[in-house]
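K.L.:
Chains as they are written, first to last, in my numbering: chain A, 64 to 224; chain B, 120 to 389; chain C, 95 to 198.
Please keep in mind that the hints were generated in silico from the structure rather than gathered at the bench.
Keep in mind it's a predicted model, so treat the numbers as computed, not measured.
Some hints could be false.
Below, in silico cross-link-like pairs of lysine-lysine (DSS-like), each with a Cα-Cα straight-line distance of 30 Å or less [stated by the list, open to error]: (1) A:LYS223 <-> B:LYS126; (2) B:LYS253 <-> B:LYS320; (3) A:LYS102 <-> C:LYS109.
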Amino acid sequence: MDYGDLIQIFLPIVLVIVAYFTGTKVEAEHYKSIIEREKRFLNLPALTMEFKSLFKDAESIQQIERAELVDGSVVISVDYFKHFVASLKNFFGGALNSYESLLDRARREAILRMKEKAPNSDMIINLKLETSSIGKEGGSSGKGVLTVEVLAYGTAISLKK
Amino acid sequence: MIEYTPKELEGNVNVSSISPVKDFFVLLAGLFGLILFIYILLGILVDIVAGYIPAKFENSLGNLYKASIVHQKQSLEIQQEELKIQKILQKFEPHFARKDLKFTVQVIDEKTVNAFAYPGGHIVVYSQLFNQSKSENEIAFVLAHELGHYAGHDHLRAAGRGLVFVLASVVLFGSDSQISQFISELLSVTHMKFSQKQELKADYYALDLLQKAYGNVDGAVEFMSQMSDADNNDQFTYFFATHPYPKTRLQLLKNKIQDKGYSQSNPSQK
Amino acid sequence: MLLTNIDCVPGKEIKQHFGLVSGSTVRAKHFVGDFFAGLKNVVGGELKGYTELLEEARGEAVNRMADQAAQFGANAIINIRFSTSSVAAGAAELYAYGTAVLVG
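Chain A extracted, bound-state conformation:
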């Protein structure tokens, strides 16, 4: 047994420690930006409601100036520390809390990007969200760090002023 083997044992430990600090910082900055942009877009709601329930009569349909498909997507990966905690938790079972913030950030970011594509519209209706876990080593197969793609899409409606 030589230093090579020692490195093999200690490398994951060092990675976990480094990843904890960098991951926490990256996440805090991302949340700061998300909250700030969400405030800006507070008056542009994204709804799962469908067209017919919002525009029931001919009169309200006439108010619409423009309707177009908008989408926003993001691919984001969890840090090695959270991945490690989640793998341990996966073994014992229960809620994998350390993945929650990743998915939350991914969805909010995707919705924001979608809104940023139609900043002057009044609402986005029929919102749909797709989540898929991707990754170099098969994503959901157990190896490799979790990477998710979230796609948000809907129809942006602009009303006549």
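Fit chains B and C to the supplied structure of chain A, relying on the hints for placement.
P.N.:
Positioned in the frame of chain A, the structure of chains B and C alone reads:
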């Protein structure tokens, strides 16, 4: 049109407030506990079983292994060395506890100092040992050390533990998940510690056997001090090795000799 | 909290809406459960342990979504959608989202 009321959310229900650091340590402690539990449980089981395995089974196990060792054409010199070893073994025989094993000796022409024993009483010695050692006593110590492994059924235990762990880890964690890799690394570290303990036990057994057969324990200190002089590795690298750090091993041998009052013809030796 | 996956709450009128609400949770089964599920995989059939796990997780996701709606002062969520994605071997994320509304 339905009226829209913009409101901001406070807090975030979708992200738990549990600190991941706390989670991390709790889980890690749980994992260590589980591994230790499995290790101790299986270890005890294997130890119990190893003591009851009949020599006949051990012999057939040994024969399987023997087939995988290279057989060389033996020079006259090597044959003489094998005879020498047989003679030493005969001296030990009346003092050795296990009468159920028949010992065979094989000398292999290799340029490193090494000797090992495998199940069924087969002892393999590398010829470099003869070039390096100055006296019969040193070779006797090496042999006595290997006999110590037989006395403790160490190979059977090591093989049993190895087998059980491979099985357990594959069944529990699957063959290639990342967590199972981490666990097997942890296990191998624990296993090394176990192995180091066995080596020391064999050393102490060897001292006892030397004292009984030769009336002194000269070879032990001579051999170990040579080994530790030849060793250039850091103490740190021995943390994960199967054998203890030679300098520590030498010191422990010296302590034991003093404790037990074993006789030495040349106590001034380093 | 009234939950529907249609565009309205029948018999009631939607007075105002508050935008998107969502809830999510990630769950995994413990290693003993995983082991038995692996055995069951060989013969096929329902993996009861996993059904229970996902059921429970979906309930938790809906609860979280309802919590958000309650914060807005809504009393119903309409047009609810579920999505399940597998984030790691033996672990799944349950996500529920809908539009929070006030009905009366």
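K.L.:
Against this structure, judge whether each hint is valid.
P.N.:
Here's how the hints hold up against the structure:
1. A threshold of 30 Å between alpha carbons decides the hint, and for A:LYS223 with B:LYS126 the separation of about 24 Å falls inside it, so the pair holds.
2. About 25 Å separates the Cα atoms of B:LYS253 and B:LYS320, which keeps this hinted pair within 30 Å; it holds.
3. Between A:LYS102 and C:LYS109 the CA atoms are separated by roughly 24 Å; this keeps the pair inside 30 Å, and the hint holds.
Checked against the numbered hints listed earlier, the structure breaks none of them; every hint is satisfied.
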